[in-house]
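Protein chains: 2
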Amino acid sequence: MQRRTIFFVSDQTGVTAETMGHSLLTQFDGVVFRQVTLPFISTADKAEEAVRRINATGETEGIRPVIFSTLVQEEMREIVKGANGLFLDFFAAFLNPLEEELNIKSSRTQGKAHGMLDIGAYTLRINATNFALANDDGAITRDYEQADLILVGVSRSGKTPTCLYMALQYGIFAANFPLADEEFESGKLSNTLMKHHRKLYGLTIASERLQQIRKERRPNTRYASPTQVEFEVRTAEALFRRFQIPYLDTTERSIEEIASRILDATGLERRLRP
Amino acid sequence: MQRRTIFFVSDQTGVTAETMGHSLLTQFDGVVFRQVTLPFISTADKAEEAVRRINATGETEGIRPVIFSTLVQEEMREIVKGANGLFLDFFAAFLNPLEEELNIKSSRTQGKAHGMLDIGAYTLRINATNFALANDDGAITRDYEQADLILVGVSRSGKTPTCLYMALQYGIFAANFPLADEEFESGKLSNTLMKHHRKLYGLTIASERLQQIRKERRPNTRYASPTQVEFEVRTAEALFRRFQIPYLDTTERSIEEIASRILDATGLERRLRP
Chain A
1 MQRRTIFFVS DQTGVTAETM GHSLLTQFDG VVFRQVTLPF ISTADKAEEA VRRINATGET
61 EGIRPVIFST LVQEEMREIV KGANGLFLDF FAAFLNPLEE ELNIKSSRTQ GKAHGMLDIG
121 AYTLRINATN FALANDDGAI TRDYEQADLI LVGVSRSGKT PTCLYMALQY GIFAANFPLA
181 DEEFESGKLS NTLMKHHRKL YGLTIASERL QQIRKERRPN TRYASPTQVE FEVRTAEALF
241 RRFQIPYLDT TERSIEEIAS RILDATGLER RLRP
Chain B
1 MQRRTIFFVS DQTGVTAETM GHSLLTQFDG VVFRQVTLPF ISTADKAEEA VRRINATGET
61 EGIRPVIFST LVQEEMREIV KGANGLFLDF FAAFLNPLEE ELNIKSSRTQ GKAHGMLDIG
121 AYTLRINATN FALANDDGAI TRDYEQADLI LVGVSRSGKT PTCLYMALQY GIFAANFPLA
181 DEEFESGKLS NTLMKHHRKL YGLTIASERL QQIRKERRPN TRYASPTQVE FEVRTAEALF
241 RRFQIPYLDT TERSIEEIAS RILDATGLER RLRP
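Residue numbers (the numbering used here), protein chains in the order written: chain A, 1 to 274; chain B, 1 to 274.
Be careful, since some hints might not be right.
Where chain A lies over chain B, by a calculated footprint (3+ residues, C-beta under 8 Å) [unchecked claim]:
| no. | segment |
| --- | --- |
| 1 | 35–49 |
| 2 | 93–99 |
| 3 | 258–268 |
No lab work stands behind these hints, which were simulated from the structure alone.
Note that this is a predicted model, so its numbers are computed, not measured.
Positions of the beta carbon are idealized from the N, C-alpha and C atoms, including for glycine.
Given the sequences, and given the hints that come with them, work out the whole structure.
Structure (structure tokens):
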């Protein structure tokens, strides 16, 4: 099997280079990629050190590496471009056509994307994250007025990570409420939930998968038994339908996809963008 | 001021398109961008609907929009390319050179990046997130054996969001422990912390900024008073130096940057990549 080392080189965090690289690399089955991030390459010294590292890797492995660059500053780009590897230059590919289209020169300064701090955005993310933490698992419900979204579903259907991801990625205030015996037995949702009916969004999951997750967590319990898991999933879905709560099956989905699908389905506005 | 609408079009979540778009757009000061994500464009019908929406926006605004595309499937790309806008095609720019370099055809299938579920990666993220939640704020310390990293710092120095981000983004098991009166008065760290000394990483923050954050949270308290805040920050930094704990000032940094700098400084391996 072919092996190849991939370098993500950035004058900032490298998150953009990693994200774009990941999207591309997943298109190639049958290649094993070793991924190395070289962030904060913001001086000529560091750029030269990066070149040495890339070249040494190529020599050791007998095949030149691939370099995903989001370097913005001309000087550093020119240096790293000189490394012995395939240089894929994010800014060269898109910045020039964008400059022409907007009829304006780009600032070409480093660190605009994830580096320089936008205090407003930072505070929003922190507040949204704190909101998700405080309103996790039905802990409190008095802040639902403030919530953008309230996820409901059985235990381990994916509510908590989805809320946290939406907070960190989009600044969305998401609470979550676990459906449990009280709801299953009464066939009802609490007044608090019904009052915020328009904010409710359901998560469900295949019984087999949920059982597997719960078994890892608490083996040999009622909580993880096939009968209980099936009962909970079936009853939760019946509640979603009865109360007309839109819902999504999380079984085959990544957290990114769950979050994107909820935003798409609800029309909820992102409060900030990654 | 120039205004322009940007569409992120993807057959999956649009996260890659948004991330790359954001990196580019931040290079243009003096333009107000309205950003619209059109995810899950996976059929010809949806692609044609996207084109109608893009064209209608262009007509209303009297200027053609910019389209960042991470569409993979040829058919959908051809349709959306026909819209009246600047079409920036992520895959066309990078997939072909990568195919040549690797001497292998890409699968060109949609949904590889954030769509199709890698159960192992999913479980890892969830477990890392649960670990961060369970080990937040010094709540428990018995799991430190399992931790990749233990962040220490005063209250509101950025520990919790950094731990959660590292869990969700990189699958890293990060705990955090708040420095408080006990440590300040004794000038020591607990045995549990010292036992895991190699995993410790400090976060600090400028007193003025910290005071502002705490004031918003609990106005008119000792917790938010300038004297107390200054004392805590100064004492925490002295502890970091005394016990040779590497540390980072989070004041002017985004969560992405804090996380990347910690990874870079510690050499900690990412357990997964976004």
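(message) Check the structure against each numbered hint from earlier and tell me which ones fail, lowest number first.
(response) Checked against the structure, no hint fails, so every one of them is satisfied.
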